[in-house]
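Residue numbers (the numbering used here): 25 to 138.
You may find that some hints are simply not true.
[As the list claims (entries may be wrong)] With a Cα cut of at most 25 Å, we get these calculated SDA-like pairs of lysine to any residue:
#1 Lys46 x Tyr90
#2 Lys77 x Pro119
#3 Lys46 x Lys61
#4 Lys135 x Met89
#5 Lys61 x Lys77
#6 Lys63 x Ile126
#7 Lys76 x Gly111
#8 Lys77 x Met93
#9 Lys30 x Lys118
#10 Lys77 x Leu60
#11 Lys30 x Lys77
#12 Lys44 x Lys118
#13 Lys76 x Asp48
#14 Lys46 x Ile35
#15 Lys61 x Pro51
#16 Lys118 x Ser81
#17 Lys77 x Ala114
No lab work stands behind these hints: they were computed from the structure.
In this text the structure is predicted, and so the values were computed from the model without any measurement.
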Amino acid sequence: MVEDNKEVAAILSEILTFLKYKVDIAPDGETALDLLKNKSYILLITDASLPKKDGLSLVREVKEMYPSMPIIGISGYVDSEEFISAGADAFLAKPFFIDALIKKIFQVLNKNLP
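Between the sequences and the hints, there should be enough to build the whole structure, so can you do that?
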């Protein structure tokens, strides 16, 4: 997960951990790319407004390197069209309900099953 707001990152991490996912948190796009290069992931959740490399640039780069990587964009400032055209598989506008996040996660992961 890529989120520079520590409180939001902690809440989302708790939710994902409760759902039995292992979570790594990157505070910026560059750190996220480093993690992706050194570890295998089944999903990327990223905010749009990030230091060092914004979420939209991150989505474009990740889709170039890992075309099948499911990505969920989250933002209170960027709209869904921008994230989807950058390559994200789904989008949630902040603030969102936990059940909406869970539903999006299951949708994008099930879409990518063989």
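Hint check results:
1. In summary, the hint linking Lys46 to Tyr90 is supported, as the alpha carbons are separated by about 19 Å, within the 25 Å threshold.
2. Under the criterion of a C-alpha separation no larger than 25 Å, the hint pairing Lys77 with Pro119 is consistent with the structure, at around 22 Å.
3. Between the alpha carbons of Lys46 and Lys61 the distance comes to roughly 17 Å, so the proposed pair stays at or under 25 Å and holds.
4. For the given pair, Lys135 sits about 19 Å from Met89 by alpha-carbon distance, which is consistent with the 25 Å threshold.
5. With a CA separation close to 16 Å, the supplied pair Lys61 and Lys77 stays within the 25 Å bound.
6. Note on Lys63 and Ile126: the hinted pairing holds, with a Cα-Cα distance of about 23 Å set against a maximum of 25 Å.
7. Between Lys76 and Gly111 the alpha-carbon distance is near 20 Å, which keeps this suggested pair within the 25 Å criterion.
8. Annotation: proposed proximity of Lys77 to Met93 holds, straight-line Cα distance about 18 Å (limit 25 Å).
9. Restraint check for Lys30 and Lys118: satisfied, since their Cα atoms lie roughly 15 Å apart, inside the 25 Å limit.
10. Between Lys77 and Leu60, the direct Cα distance comes to roughly 14 Å. Compliance with the 25 Å bound is thereby established for this hinted pair.
11. A hinted pair counts as satisfied when its Cα atoms are at most 25 Å apart, and Lys30 with Lys77 qualifies at roughly 17 Å.
12. A threshold of 25 Å between alpha carbons decides the hint, and for Lys44 with Lys118 the separation of about 23 Å falls inside it, so the pair holds.
13. This hinted pair checks out: Lys76 and Asp48 have alpha carbons roughly 18 Å apart, not beyond 25 Å.
14. The suggested pairing of Lys46 with Ile35 holds, with an alpha-carbon distance near 14 Å, which does not exceed 25 Å.
15. For the suggested pair Lys61 and Pro51, the alpha carbons sit about 16 Å apart, so the restraint of at most 25 Å is met.
16. Between Lys118 and Ser81, the direct Cα distance comes to roughly 19 Å. Compliance with the 25 Å bound is thereby established for this hinted pair.
17. Proximity of Lys77 to Ala114 is assessed by CA-CA distance (about 20 Å); at most 25 Å being required, the pair is judged to hold.
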